[in-house]
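For reference, the chains in residue letters:
Number of protein chains: 2
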Amino acid sequence: MKNKIKDLFNIKYPIIQGGMVWCSGWRLASAVTNSGGLGLIGSGSMKPEVLIHHIRQCRENTNLNFGVNIPLLFPYASEHIDIVIKEKVPIVFTSAGNPSIWTEKLKKNNIKVVHVVSNLQYALKAIEAGVDAIVCEGFEAGGHNGRDETTTFCLVPLVRKHVQIPLIAAGGISSGKSMLAAMVLGADAVQIGSRFVVSKESSAHINFKNKILSLKDGDTVLTLKELTPVRMIKNDFFSKVQKAYEDKYSVHQLKLLLGKGRAKKGMFNGNLIEGELEIGQVASLLDSIDSAAEIINKIISEFNFEKSRVDNI
Amino acid sequence: MKNKIKDLFNIKYPIIQGGMVWCSGWRLASAVTNSGGLGLIGSGSMKPEVLIHHIRQCRENTNLNFGVNIPLLFPYASEHIDIVIKEKVPIVFTSAGNPSIWTEKLKKNNIKVVHVVSNLQYALKAIEAGVDAIVCEGFEAGGHNGRDETTTFCLVPLVRKHVQIPLIAAGGISSGKSMLAAMVLGADAVQIGSRFVVSKESSAHINFKNKILSLKDGDTVLTLKELTPVRMIKNDFFSKVQKAYEDKYSVHQLKLLLGKGRAKKGMFNGNLIEGELEIGQVASLLDSIDSAAEIINKIISEFNFEKSRVDNI
Chain A
1 MKNKIKDLFN
11 IKYPIIQGGM
21 VWCSGWRLAS
31 AVTNSGGLGL
41 IGSGSMKPEV
51 LIHHIRQCRE
61 NTNLNFGVNI
71 PLLFPYASEH
81 IDIVIKEKVP
91 IVFTSAGNPS
101 IWTEKLKKNN
111 IKVVHVVSNL
121 QYALKAIEAG
131 VDAIVCEGFE
141 AGGHNGRDET
151 TTFCLVPLVR
161 KHVQIPLIAA
171 GGISSGKSML
181 AAMVLGADAV
191 QIGSRFVVSK
201 ESSAHINFKN
211 KILSLKDGDT
221 VLTLKELTPV
231 RMIKNDFFSK
241 VQKAYEDKYS
251 VHQLKLLLGK
261 GRAKKGMFNG
271 NLIEGELEIG
281 QVASLLDSID
291 SAAEIINKII
301 SEFNFEKSRV
311 DNI
Chain B
1 MKNKIKDLFN
11 IKYPIIQGGM
21 VWCSGWRLAS
31 AVTNSGGLGL
41 IGSGSMKPEV
51 LIHHIRQCRE
61 NTNLNFGVNI
71 PLLFPYASEH
81 IDIVIKEKVP
91 IVFTSAGNPS
101 IWTEKLKKNN
111 IKVVHVVSNL
121 QYALKAIEAG
131 VDAIVCEGFE
141 AGGHNGRDET
151 TTFCLVPLVR
161 KHVQIPLIAA
171 GGISSGKSML
181 AAMVLGADAV
191 QIGSRFVVSK
201 ESSAHINFKN
211 KILSLKDGDT
221 VLTLKELTPV
231 RMIKNDFFSK
241 VQKAYEDKYS
251 VHQLKLLLGK
261 GRAKKGMFNG
271 NLIEGELEIG
281 QVASLLDSID
291 SAAEIINKII
301 SEFNFEKSRV
311 DNI
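The listed protein sequences derive, respectively, from chains A and B.
By my numbering, the letter at position 295 of the first sequence is numbered 295, and the numbering carries on one by one without gaps.
By my numbering, the letter at position 155 of the second sequence is numbered 155, and the numbering carries on one by one without gaps.
Honestly, the hints are just simulated from the structure, not real lab data.
Please note that a few of the clues may not be correct.
Heads up, the list lumps identical chains together, so a pair's fine if it works in one copy or across two of them.
Only pairs whose alpha carbons sit at most 30 Å apart, straight line, appear in this in silico DSSO-like list of lysine-lysine [claimed, not checked]:
#1 Lys298 with Lys2
#2 Lys209 with Lys234
#3 Lys209 with Lys161
#4 Lys107 with Lys86
#5 Lys234 with Lys161
#6 Lys234 with Lys125
#7 Lys216 with Lys200
#8 Lys161 with Lys216
#9 Lys255 with Lys240
#10 Lys216 with Lys4
#11 Lys307 with Lys12
#12 Lys125 with Lys216
#13 Lys2 with Lys264
#14 Lys234 with Lys307
#15 Lys86 with Lys248
#16 Lys200 with Lys161
#17 Lys307 with Lys6
#18 Lys307 with Lys200
#19 Lys225 with Lys240
#20 Lys12 with Lys161
#21 Lys255 with Lys243
#22 Lys243 with Lys225
Make a model of the complete structure from these sequences and hints.
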C-alpha cells in the first residue's frame, strides 16, 4: 500500500525503531534497517567521537537508510548536528527541544527531519519549523517525555485532525495489534522503543532486559517533571525520588539526587538498584528477547492478521 | 457480526454510555438505549429516592435494556444495590470499590454485573467475584480513576491477553475511529463518557458543556490521588489544589479543601470557578453538542467507514 512514511524514508515497513540512550547503537539500528524498518542511532548517550563510530559502523552494516536521534537539550546537540551533516546521515529525528533552531540547517544539507512532540501546540511549531514529519509520543512512552500527560489514544487523533504532514505514533506500541490501532487513529507509521530495548541487538545490559520482562502494569512512572520528565521503573532509586518529593526537595536538590550517569549505570551497566531504568508502560506486555528481524517479522505478520480480522469486528 | 457484549446486554451496537455523576440521568440513559446502545443511569450523585425516580422514568421512556452505575465507595451504595434489585434493573455496572461484596447478591437476582477496573490485578479479582464483563478504564478517562496511570493503549491489550470474559474499553474513546482502535486492541465494546456529557440529553449545566468544547489537550489532570483520584479540568479550584500540594496539605486538609458538593457545583450548577469539573482527556477532540441519537449514528457510521478503510492501511 502507498504510505507517506515508507515513501519519505524509502523503507519497506512503516516501523521506526526509536533512538534510545544506551540501547540503540549501530548494531540495533542496522539490524532494524536491514529487516525493513528504519533504525535510529540514539545519540543522546554518545560523545561526538562515539557517534561518529556508530554512524560509520552502521553504514558498513547496511546499504539502506538509517537515522540518528538527537535530543536537542543534551550537551553535545550542536556537535552532533555537525556530525550528521558531515557524515551525510540521510534522516534525523530531533526531540526534547526547540525544532526551529536546527531544522533549516539540516534540511539545507538534504537531511530529512522529524521532530518528536507531545502536544498539538508543539506539532504546529514543528511544522512551522519545516520538519518533514512528526512523532506524536503519548504519556505511556518510556524515557523522556512531555509534561501534559496526553496519551497516545488522545494525542494521535487530535494532532491528525489538525495537521496533514506524515505522522508517526509512539507510546504503548509493541505489536501488530497496537500498530494497527495507532494507524486506525490516524498515524502513518509507528515508532517502537521498549520492544527493541529487549532485542538481542540492543546494547541494554542483560539485567535490565530481564527486569523489563518481569514488569507488571503500574511498575513504571513518569516522574522528575521539575527537571526533564522521564518514565522509568519504580526501583530503589525511584523510592529515593519519591522520598525527596515528600521532603520537598528543591529543583537544585533533585538535580543533585539524580546526579550524573544514572541512566548509564542502570541501563548499560545493569545496576537495577541505583540506576535510572527508562522504559514504557507497554513493558508489561513483553515476554521474550528476540532479534530485531524476529520482532519486525512478528509485528508485520500480526499486523496483517489483525487487518484481515477487522471485517469480523 | 456476533459480539459478546451485544449478546450479553441484547443491544444493537457495542456502545455503552458511561454512568456519570450529575450528567447521566434517565433522559440520557433512555435516549442512548433507544438509539441502539446501552444507557446507564449514574447513581453516584443520587439519593435513594432520586435513583428510584430515574429508574422508573427510564423504564417509562424505553422498553429496551438499560443499566445503573453504582460507585461502591459512595455513601448510598448499599441502599442503591437494594433499589436496583427491587426495581428489577437488568444490568448494573459497579466501580470504585470491591466487587466481591455485592456481585453475588446482584447475580442471584438475575442482574448482569459489570465491574470497572484500572489494572490487570483488579480485572482478575472482578472475574473471581463472578462478574459477567469488565470495563478496562485507561488513565485518560474523566472522573474517578485508578492510581496506576495505565493508559487505554496499554491496559486493554494487557488485560485481553490474560482474560477471556467480555471486555469493554473506556478512556479516550469518542468516535468511530477510536471505537475501532479499541476493538483492534482487544475490546468487545466501548464505554463512552465525555462525548455524552456534551449531549443534548445530558443533565450537565450548559456552562460546563461549553467549557468542555473549548478545552485543548493538556487542560485536564488526574489529581487528588490521596483521596479518590479524579480527572478534572485545570480551573481555579484546581489551582487551589495545586497550591495545597505546594503547601504540603495533609489528607485531612485536602478533604476540607475539597469539601462537599463541589462536583454538583461545577457540573450541575455551572460554577466553572469553584466547581470540580470532571471530564476526560478526549474533550479536546469534541466540538459540538448533539443528541444521543446523533452521537451514536455518527460513531457507527464513522466506525463502518474506518473498517472499510483498513484494507488500504
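Taking the hints in turn, this is what the structure says about them:
1. With identical chains, the CA atoms of Lys298 and Lys2 are at most 30 Å apart both within one copy (21 Å) and between copies (28 Å).
2. Taking the shortest Cα distances, Lys209 and Lys234 sit within 30 Å of each other inside one copy (15 Å), while across copies they are farther apart (38 Å).
3. Taking the shortest Cα distances, Lys209 and Lys161 sit within 30 Å of each other only across copies (21 Å), while inside one copy they are farther apart (37 Å).
4. For the identical chains of this complex, Lys107 and Lys86 are intra-copy neighbours only, at 13 Å inside a copy versus 70 Å across copies, given an alpha-carbon limit of 30 Å.
5. Taking the shortest Cα distances, Lys234 and Lys161 sit within 30 Å of each other only across copies (23 Å), while inside one copy they are farther apart (35 Å).
6. Taking the shortest Cα distances, Lys234 and Lys125 sit within 30 Å of each other only across copies (24 Å), while inside one copy they are farther apart (33 Å).
7. Taking CA atoms no more than 30 Å apart as the test, Lys216 paired with Lys200 passes inside one copy only; the shortest distance there is 22 Å, against 41 Å between copies.
8. With identical chains, the CA atoms of Lys161 and Lys216 are at most 30 Å apart between copies only, with a shortest distance of 13 Å across copies and 33 Å within one.
9. Both within a single protomer and between protomers do Lys255 and Lys240 lie at most 30 Å apart by alpha-carbon distance, with minima of 13 Å and 27 Å respectively.
10. With identical chains, the CA atoms of Lys216 and Lys4 are at most 30 Å apart between copies only, with a shortest distance of 27 Å across copies and 35 Å within one.
11. Within a single copy, Lys307 and Lys12 get their C-alpha atoms as close as 18 Å, and across copies as close as 24 Å, so both meet the 30 Å cut-off.
12. With identical chains, the CA atoms of Lys125 and Lys216 are at most 30 Å apart between copies only, with a shortest distance of 16 Å across copies and 36 Å within one.
13. In this assembly of identical chains, Lys2 and Lys264 lie within 30 Å of each other by CA distance neither inside one copy nor across copies; the values are 40 Å within and 51 Å between.
14. Taking the closest pair of Cα atoms, Lys234 and Lys307 never come within 30 Å of each other, the shortest separation being 36 Å inside a single copy and 39 Å across copies.
15. In this homomeric assembly, Lys86 and Lys248 never come within 30 Å of each other (Cα to Cα): the closest approach is 46 Å inside a single copy and 52 Å across copies.
16. Taking identical chains as interchangeable, the C-alpha atoms of Lys200 and Lys161 lie at most 30 Å apart only when they sit on different chains, with a minimum of 24 Å there against 38 Å within one chain.
17. Taking the shortest Cα distances, Lys307 and Lys6 sit within 30 Å of each other both inside one copy (18 Å) and across copies (22 Å).
18. For the homomeric pair Lys307 and Lys200, the shortest alpha-carbon distance inside one copy (28 Å) is at most 30 Å, but the shortest distance between copies (36 Å) is not.
19. Taking identical chains as interchangeable, the C-alpha atoms of Lys225 and Lys240 lie at most 30 Å apart whether they share a chain (15 Å) or sit on different chains (20 Å).
20. Taking identical chains as interchangeable, the C-alpha atoms of Lys12 and Lys161 lie at most 30 Å apart whether they share a chain (26 Å) or sit on different chains (29 Å).
21. With identical chains, the CA atoms of Lys255 and Lys243 are at most 30 Å apart both within one copy (14 Å) and between copies (23 Å).
22. When the C-alpha separation of Lys243 and Lys225 is checked against a cutoff of 30 Å, the pair qualifies both within a copy, at 15 Å, and between copies, at 17 Å.
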